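The listed protein sequences derive, respectively, from chains A and B.
Here my numbering is used: position 150 in the first sequence is 635, and no number is missing along the way.
Here my numbering is used: position 255 in the second sequence is 245, and no number is missing along the way.
Calculated directly from the structure, the hints in this document are not laboratory data.
Small disclaimer: the values here were computed from a predicted structure and weren't measured.
From the three backbone atoms N, C-alpha and C, an ideal C-beta is built for every residue, glycine too.
Check before you lean on any hint, since a few could be wrong.
[As the list claims (entries may be wrong)] Over the 10 Å line for every Cβ pair with chain A, so calculated as not near, a few chain B residues:
# : residue
1 : L48
2 : E50
3 : I80
4 : D123
5 : G152
6 : K200
7 : T201
8 : S269
[Stated by the list, open to error] Computed, partial: chain B to chain A, Cβ under 7 Å:
#  : residue
9  : S7
10 : Q8
11 : I10
[Stated by the list, open to error] EDC-like cross-link-like pairs, simulated, lysine to aspartate or glutamate; straight-line CA separation at most 16 Å:
#  : chain 1 : residue 1 : chain 2 : residue 2
12 : B       : K9        : A       : E581
13 : A       : K573      : A       : D610
14 : B       : K189      : B       : E215
15 : B       : K143      : B       : D162
16 : B       : K9        : A       : D652
17 : B       : K189      : B       : D211
Here's the letter readout for the chains.
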Amino acid sequence: MVVQYIFVFACFLIDGIIETCFPVNFAMNSVYFVSCFGVCALILTIRKMDFIDALILSILSGMFYDFFFTNSFLVYIFIFVLLCFIVKAWQKHVGESLLESIILAICSLFTMQLITYALMWFSGDTRVSFNSWIYNRMFLTLVVNVGFVFILHFLTNLRDDYIRMRDLKIRKDEKLSTRLLRR
Amino acid sequence: MPKITKRPNETARFNRSQKILIFICIILLIFGFSTRIMGGNAASESGYDLFTMLRYSLIEKPTRTILNFSKDISNLWNVQSENDELRQEIASQKMYKSELDDTKRRLAELEALQGITSNDQYDSIGATVIARDVQGWSNVMTINVGSNDGITKDMSVISSKGLLGRVVEVHDKTSKVQLLTAEKTDSQVSIKIELSSDKSTTGSLETYDKTTGMFTANIFDSTVEIKKGMKVVTSGIGGATPSGILIGEVQDVEKLYNAEGVKIQIKPAVDFNDFTYVSVLKVK
């Protein structure tokens, strides 16, 4: 579980690096993308975890994102917990292949961005039209983050293989120590 | 009679790791509530400063250092020609400085004669942008100067090209700047359009239209003739913003037939995509 937590937080830090290299267009008058490497990692991780662990990871990730990146409070905790519920609801119907991971990531990212846009709209912080939001922000965001899902699919398989190998090693050591005890 | 046996202990709902993590979540939530709801106190400011400086030192500064290093290497070939251009500019700077000093002296004499004061005198405090909202909704950035450096609320912030925004929140070592592109803003900037060398007209900057990428402004005098390409600067009315700071140039003019005034579209002078070094203006 610790490995999964560290993996997700490392992916959020990578988001910060990508954001520094490709800053967000404040004027929002041209096409730009928002890096969601950490969010994609969170989605691909929590679908394999049990519900309590996934919920805790979502809350911690939301707090980390709020404090570290956006200087808000409870906004992304709420959004990430909602994503957790959505992913858990779809978990039974979505497999672990690359295509299904991409579809899950796209749907989750779109939901997350839509909720953020709705919050900003109803609080009066923005008057960007829906068409501009889709064209300038969502399109390239989804395209680029699909590329990230390719990388994350490979990395999460590596991580799961590492966890499996480590667990096998622990069980092997336990078997050996049990045999030694019997003697 | 069947023997009643005690049920073995049921498996705990949460294991040890989960209990520790839930405890951490509760602590962080309490911390978040205490710094947010009781905003403006030292704990809130130090918490914000801590996270901002942590993020800047862990992520942004190393990344920018690497990016700047690679950019410098690629620019090496142009250094010679840039140096020659800069040497010529420096040579003419002395002449410009003496002209400026002479103009300022004459202005001060005239003001003293007429008994008026102008607010175009200001000190400039250099700063670096250390944090921006990752999602880009709030149009607020953080700079690395605060009350310890003499920054106060409502000071204007400029880049090398023109007016960027104003300071909305001040902490000890950092400050938050709201950009002119913010759709939700409490104050409007008063502007001046230079119609000719000795004539100008005033107005106010209203909103920023994200669709067109232009500012919308209202000019109070409908009799003046405003043309495309005219420079728009701050007027200094109100005292918060010094006069003469470039905002942009006129792109489109629309006369309001049923109301007093003229509505203009202004193309910003500043590129809001990317800026690192800014200056905060302290009006004298």
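Here is what the structure says about each hint:
no.: 1; hint: L48; result: violated (7 Å)
no.: 2; hint: E50; result: violated (5 Å)
no.: 3; hint: I80; result: holds (31 Å)
no.: 4; hint: D123; result: violated (6 Å)
no.: 5; hint: G152; result: holds (14 Å)
no.: 6; hint: K200; result: violated (4 Å)
no.: 7; hint: T201; result: violated (6 Å)
no.: 8; hint: S269; result: holds (18 Å)
no.: 9; hint: S7; result: holds (6 Å)
no.: 10; hint: Q8; result: holds (6 Å)
no.: 11; hint: I10; result: violated (10 Å)
no.: 12; hint: B:K9 with A:E581; result: violated (29 Å)
no.: 13; hint: A:K573 with A:D610; result: violated (31 Å)
no.: 14; hint: B:K189 with B:E215; result: holds (11 Å)
no.: 15; hint: B:K143 with B:D162; result: holds (12 Å)
no.: 16; hint: B:K9 with A:D652; result: violated (22 Å)
no.: 17; hint: B:K189 with B:D211; result: holds (13 Å)
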